[in-house]
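A.B. asks: Protein sequence lines correspond, in order, to chains E and L.
Heads up: the first sequence runs through residues 74 to 160, numbered per our numbering.
Heads up: the second sequence runs through residues 162 to 317, numbered per our numbering.
Just so you know, these hints were derived from the structure itself, not from any lab.
Keep in mind that this is a model prediction, so the values were computed, not measured.
One or more hints might be untrue.
[What the hints assert, rightly or not] Quick look at which bits of chain L chain E covers, simulated, 3 or more residues with Cβ under 8 Å:
# : stretch
1 : 180-189
2 : 237-251
3 : 277-290
[Stated by the list, open to error] A few chain E positions that, by computed beta-carbon distances, are all more than 10 Å from chain L:
#  : residue
4  : 81
5  : 115
6  : 118
7  : 121
8  : 127
9  : 145
10 : 148
11 : 151
12 : 153
13 : 157
14 : 158
15 : 160
Ideal Cβ placement from N, Cα and C applies to all residues, glycine included.
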Amino acid sequence: MKTMNTSFQQMLAEVPPCIQQEVDLELAISNRIYDLMTERGLSKMEFAQALGKRPCEVTKWLSGQHNFTIRTLSLLSAFFGESLVHV
Amino acid sequence: MSEAELLLVNETKHCTLYTIQFLSENDSEFEQFYNKFKDDVEFNPDLMRIVGFIGKIADFGALERYFRPEGKMNDRVVALPVVQSKLRLYCLRLSDKILILGNGGVKNTKTYEESRELSGYVLTLQNFDKLIKEGVKNGTIIVTENKIETDNTFDL
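From just these sequences and the hints, can you work out the full model?
C.D. replies: Structure representation (structure tokens):
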């Protein structure tokens, strides 16, 4: 099969380090939330209800593309009983 | 109708990325999307986020929760990003391990159907999805766990 003319690695190399860092962090936090949610046997709906949030909010958190605020991270860390971000 | 073929974009053990190339065009669908916004002051940061995110899909797979469902119930068209942005990249998500990148643009209407440009990109992917399903049925296309095997050209 033929490959695309422009190398995908070349496209990736154009991503500024600050944006890549943002993408990496958002995805890492999202994946951790998903793991903790499933470890506790919670569905998206149950998780949302337990936090008093709408399911669409949880959808955003789990998308890997959400720009989390400190307030949301604190809420989630308190809910799971462990810090989601280590400084 | 225009003839098109499938091109390989990137492959890792977690996900193989493809795009569609119309034979009448110089660039593939994904390259057209990239080239449209790479020098756009307003949308370049959102484009870079999308490209960076696709790069991470190579590590984690094209998981369903990473995408915005688009298209119809019976197709596999999805979009990036899920979060607030006017930029949309349309894709065909066959599984966690196979993703076809399409074209996209700025969504200034409430639904993609209201935009002639965006609905055209979605329609291309919907038609491509139908042809893949037909090809798999008649044996001219093989879809393995993480690959699409075909030398077909497609009439889109």
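A.B. asks: Far enough from chain L: is every CB of that chain over 10 Å from the CB of residue 145/E?
C.D. replies: holds (13 Å)
A.B. asks: Taking the minimum C-beta separation from residue 115/E to chain L, is that value above 10 Å?
C.D. replies: Holds: least Cβ distance 14 Å, greater than 10 Å.
A.B. asks: Minimum C-beta separation from residue 151/E to chain L exceeding 10 Å: can you confirm that?
C.D. replies: Per Cβ check, residue 151/E is outside 10 Å of chain L; nearest 23 Å; holds.
A.B. asks: Please confirm whether residue 157/E is truly not at the interface, meaning its C-beta sits more than 10 Å away from all C-beta atoms of chain L.
C.D. replies: Fine: 17 Å to the nearest Cβ keeps residue 157/E off the interface.
A.B. asks: For residue 121/E, which was marked as not at the interface, is the minimum beta-carbon distance to chain L over 10 Å?
C.D. replies: Holds, since 14 Å exceeds 10 Å.
A.B. asks: Report holds if the minimum CB distance from residue 118/E to chain L is greater than 10 Å, and violated otherwise.
C.D. replies: Given that every Cβ of chain L is farther than 10 Å from that of residue 118/E, nearest at about 14 Å, it holds.
A.B. asks: Holds or violated: is the Cβ of residue 158/E farther than 10 Å from all Cβ atoms of chain L?
C.D. replies: Check passes; 18 Å lies beyond 10 Å.
A.B. asks: Mind verifying the non-interface call on residue 127/E? Its CB should be farther than 10 Å from each CB in chain L.
C.D. replies: holds (15 Å)
A.B. asks: For the stretch 237-251 of chain L, count the residues whose Cβ lies under 8 Å from any Cβ of chain E; is that count three or more?
C.D. replies: holds (count 4)
A.B. asks: The output says residue 148/E does not contact chain L. Does that hold with a beta carbon cutoff of 10 Å?
C.D. replies: It holds; residue 148/E is separated from chain L by about 18 Å at its closest Cβ, greater than 10 Å.
A.B. asks: Quick check: the stretch 277-290 of chain L, covered by chain E? Criterion 3+ residues, Cβ under 8 Å.
C.D. replies: Violated, because only 0 residues of the stretch 277-290 of chain L bring their Cβ atoms closer than 8 Å to Cβ atoms of chain E.
A.B. asks: Would you check whether the claim that residue 81/E is not at the interface survives, using Cβ distances to chain L and the 10 Å cut-off?
C.D. replies: Non-interface label fails for residue 81/E: nearest chain L Cβ at 4 Å, not farther than 10 Å.
Consistency with the previously given hints fails for numbers 3, 4, ordered from lowest to highest.
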